[in-house]
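Next come the chains, spelled out residue by residue.
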Amino acid sequence: MRRRLLVSYLLIAVLVLVLLEIPLGIAYAENERSELTDKVERDAVALATLVEDSLEHETPVPQEVQRTAARYDAATDGRVLVVDAQGLRIVDTAPTGSSGFSSRPEIALALRGEIATGTRRSNTLGTDLLYVAVPVASSGVVHGAVRITYPMSAVNDRIHRYWWILGLIAAGVLAVAVGVALVLARWVARPLARLERAAESIATGDLTARVDVAGPPEVRQLAETFNGMVAKLDVLVRSQDEFVADASHELRTPLAALRLRLENLERDLPESERLEVEGALAEVARLGALVDALLALARADRAEAAPRPLDVTAAVDERLAAWSALADERRVRLEAESDPAVVALVTTGRFEQMLDNLLANALDVSPEGAAITVSVRPAASLVEIHVVDEGPGMSAGDRVRAFDRFWRAGRAQEGFGLGLAIVERLVTADGGRVELRESAGGGLDAVVTLRRAPRDGESRPSGR
Amino acid sequence: MQILVVEDEDEIADPLVEGLRREGFEVSRAATGREALDAPLPDLVLLDLRLPDIDGIEVCRELRSRSDVPIIVVSARGEEVDRVVGLELGADDYVVKPFGFRELLARIRAVMRRTRPEAGDDSLRVGTLEIDPRARRASLDGRELALTTKEFDLLSLLASDPGAVIGRQQILREVWNTDWLGPTKTVDVHVASLRRKLGDPHWIETVRGVGLRLAPQT
Chain A
1 MRRRLLVSYL
11 LIAVLVLVLL
21 EIPLGIAYAE
31 NERSELTDKV
41 ERDAVALATL
51 VEDSLEHETP
61 VPQEVQRTAA
71 RYDAATDGRV
81 LVVDAQGLRI
91 VDTAPTGSSG
101 FSSRPEIALA
111 LRGEIATGTR
121 RSNTLGTDLL
131 YVAVPVASSG
141 VVHGAVRITY
151 PMSAVNDRIH
161 RYWWILGLIA
171 AGVLAVAVGV
181 ALVLARWVAR
191 PLARLERAAE
201 SIATGDLTAR
211 VDVAGPPEVR
221 QLAETFNGMV
231 AKLDVLVRSQ
241 DEFVADASHE
251 LRTPLAALRL
261 RLENLERDLP
271 ESERLEVEGA
281 LAEVARLGAL
291 VDALLALARA
301 DRAEAAPRPL
311 DVTAAVDERL
321 AAWSALADER
331 RVRLEAESDP
341 AVVALVTTGR
351 FEQMLDNLLA
361 NALDVSPEGA
371 AITVSVRPAA
381 SLVEIHVVDE
391 GPGMSAGDRV
401 RAFDRFWRAG
411 RAQEGFGLGL
421 AIVERLVTAD
431 GGRVELRESA
441 GGGLDAVVTL
451 RRAPRDGESR
461 PSGR
Chain B
1 MQILVVEDED
11 EIADPLVEGL
21 RREGFEVSRA
31 ATGREALDAP
41 LPDLVLLDLR
51 LPDIDGIEVC
61 RELRSRSDVP
71 IIVVSARGEE
81 VDRVVGLELG
91 ADDYVVKPFG
101 FRELLARIRA
111 VMRRTRPEAG
121 DDSLRVGTLE
131 IDPRARRASL
141 DGRELALTTK
151 EFDLLSLLAS
161 DPGAVIGRQQ
171 ILREVWNTDW
181 LGPTKTVDVH
191 VASLRRKLGD
201 PHWIETVRGV
211 GLRLAPQT
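So the sequences go chain by chain: A and B.
Each residue of the first sequence is one higher than the one before, starting from 1 at the first, in the working numbering.
Each residue of the second sequence is one higher than the one before, starting from 1 at the first, in the working numbering.
To be clear, the hints were calculated from the coordinates, so they are not data collected in a lab.
Since this is a predicted model, take the numbers as computed values, not measurements.
Errors might be hidden in some of the hints.
[Said to hold, decoys possible] Just a few of them, taken from the derived set where beta-carbon distance is under 10 Å, the chain A residues facing chain B:
1) A203
2) A245
3) L255
4) L262
5) V284
6) L290
7) A325
8) A327
9) D328
10) Q353
[Said to hold, decoys possible] The following label-pair restraints were derived from C-beta to C-beta distances:
11) A:A245 <-> B:R66: 21 to 31 Å
12) B:D43 <-> A:A245: 23 to 33 Å
13) A:A282 <-> B:D43: 26 to 36 Å
We put the beta carbon where it would ideally sit given N, CA and C, even for glycine.
In isolation and in its complexed conformation, chain A is listed as follows (with noise of 0.2 Å):
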């Protein structure tokens, strides 16, 4: 945000900078060449109107004139050639080896009567040459012309050094300007920067954020919108919480109160009465147990998340250890394969849920004298948690559907079919997922991958 504000701002003081200077600079030099240009033929014409009577009469050009000329040459630089009518040489303040110049477009042009005016490239002198031809020409004759050709190198360096000026005014006007601008990308991000801050704590969990409404009028609109949308988030939070709590109390008072009423009923009736009443308890049993497992999903649906670093290794061995007894019984062996001290991100309690969970779908599928491993694999920013069995496996599908919710395997069992479901959740809300694969034997292989912590052993501050 801050960079693009910043970019933007230097390319519209750049864009106005080019469109600006560059026309100036332009200008500047056409100016300067037509001034060279019009100051050029006056002396040209002035030199004309001198030597107009002598090639008039094709007398010699006194000597007087040809003293102005070189006189010129020597002030100005300016070369100075007076040829007659046929383009003769009559003076030349630079004289070379030619002495016929009609061939010379210039001078033809003059000699037809027009003024002819240009620059042309002097390789021999090495610069850019200003060349006027005026007609020397009286009623409506031509006489002769003058030439005076003007190395532009003057003009030139006078060009290029208000380039540079304008060059260097350019640089400082972009200083500036990445100066204010800088300054400014912060004033507009600084609401926007503010918005993120409470967007951030919102994710976290805390719906008390609010964004202070300031700043430009769209953000205003934008910090107002925000409020209102946390507010009712924070509104349909509550509800649902009020709504479990609401739905634990209006469902559990009644069920209370059928059980109390059904345990009075049962002692007033003889013993071999007693089998109908005893089979409606266990319903009341069962509904409570059903709110008890509705209300955990709904709980683990909303689960806030506080990962920590735990020391998955460690966390395996004692659930193992805590299984070994049942497992025994069960004549299922229970095998770890882990590197040593493996931390994750994890909140706490929900690993060692997730674990019970997944042992107890895996020991209730494995046959006598079958293992079950779990293996913990670190990987670069992730562990893996495997848990193996040897028992009869599932179906692709089977494998997918096993974590909706109230889905049981194909035999009846005990529970609700939530335990997936429940699993599923809580990994995912401590960024996490879980997945059943086919194990290499065709048995189960669940496997739980979990963030790993940024690094093993070090403890990090969840939240900010």
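Following the hints, position chain B against chain A.
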């Protein structure tokens, strides 16, 4: 023995009062927190946390500040928070709705035992197994068993009626205070561990589909 039932809802209070009277208790009832605090001090208070006027937690605190009367908290929410709050406020035990008489009576007796230690030796003996509920200790052949809290509660429950089958639901209610522990075989895990500590798996017999029975071994 005088029991005060603090419960605003008649649908619970009526059968509760009725059932407790049949068990031979003298029962009085308070429908509000105010009434409960104004009532003469009984031998035991059964206190619902959800009351129309004063929060049950406040009533509990107030009662405790006045006397050492045993308090059993009744809650519709089996959540950990309620339990901790209830017990930290000085309640002696809690039951979670929907509870039954068997469970309630077991808790009333246990609380009375704890709060009236002068009542004499009430340790249980089942064969060579000896359980002292007040000291929360169990020993086998004179050798003390290292039991966890839940293992001790489970063994006590089974030993309270040796030879009788105790249903899984009753076990869940009385040891874990719930009707549902999740599909985690928690009971089986504890039973297996208890059997291992008793040294002979036949001490605790599983009656399939019904529950568990303590079968004294020699």
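Structure-based check of all given hints:
{"no.": "1", "hint": "A203", "in the structure": "violated, 24 Å"}
{"no.": "2", "hint": "A245", "in the structure": "holds, 6 Å"}
{"no.": "3", "hint": "L255", "in the structure": "holds, 4 Å"}
{"no.": "4", "hint": "L262", "in the structure": "holds, 8 Å"}
{"no.": "5", "hint": "V284", "in the structure": "holds, 6 Å"}
{"no.": "6", "hint": "L290", "in the structure": "holds, 8 Å"}
{"no.": "7", "hint": "A325", "in the structure": "holds, 4 Å"}
{"no.": "8", "hint": "A327", "in the structure": "holds, 8 Å"}
{"no.": "9", "hint": "D328", "in the structure": "holds, 7 Å"}
{"no.": "10", "hint": "Q353", "in the structure": "holds, 7 Å"}
{"no.": "11", "hint": "A:A245 <-> B:R66: 21 to 31 Å", "in the structure": "holds, 29 Å"}
{"no.": "12", "hint": "B:D43 <-> A:A245: 23 to 33 Å", "in the structure": "holds, 32 Å"}
{"no.": "13", "hint": "A:A282 <-> B:D43: 26 to 36 Å", "in the structure": "holds, 33 Å"}
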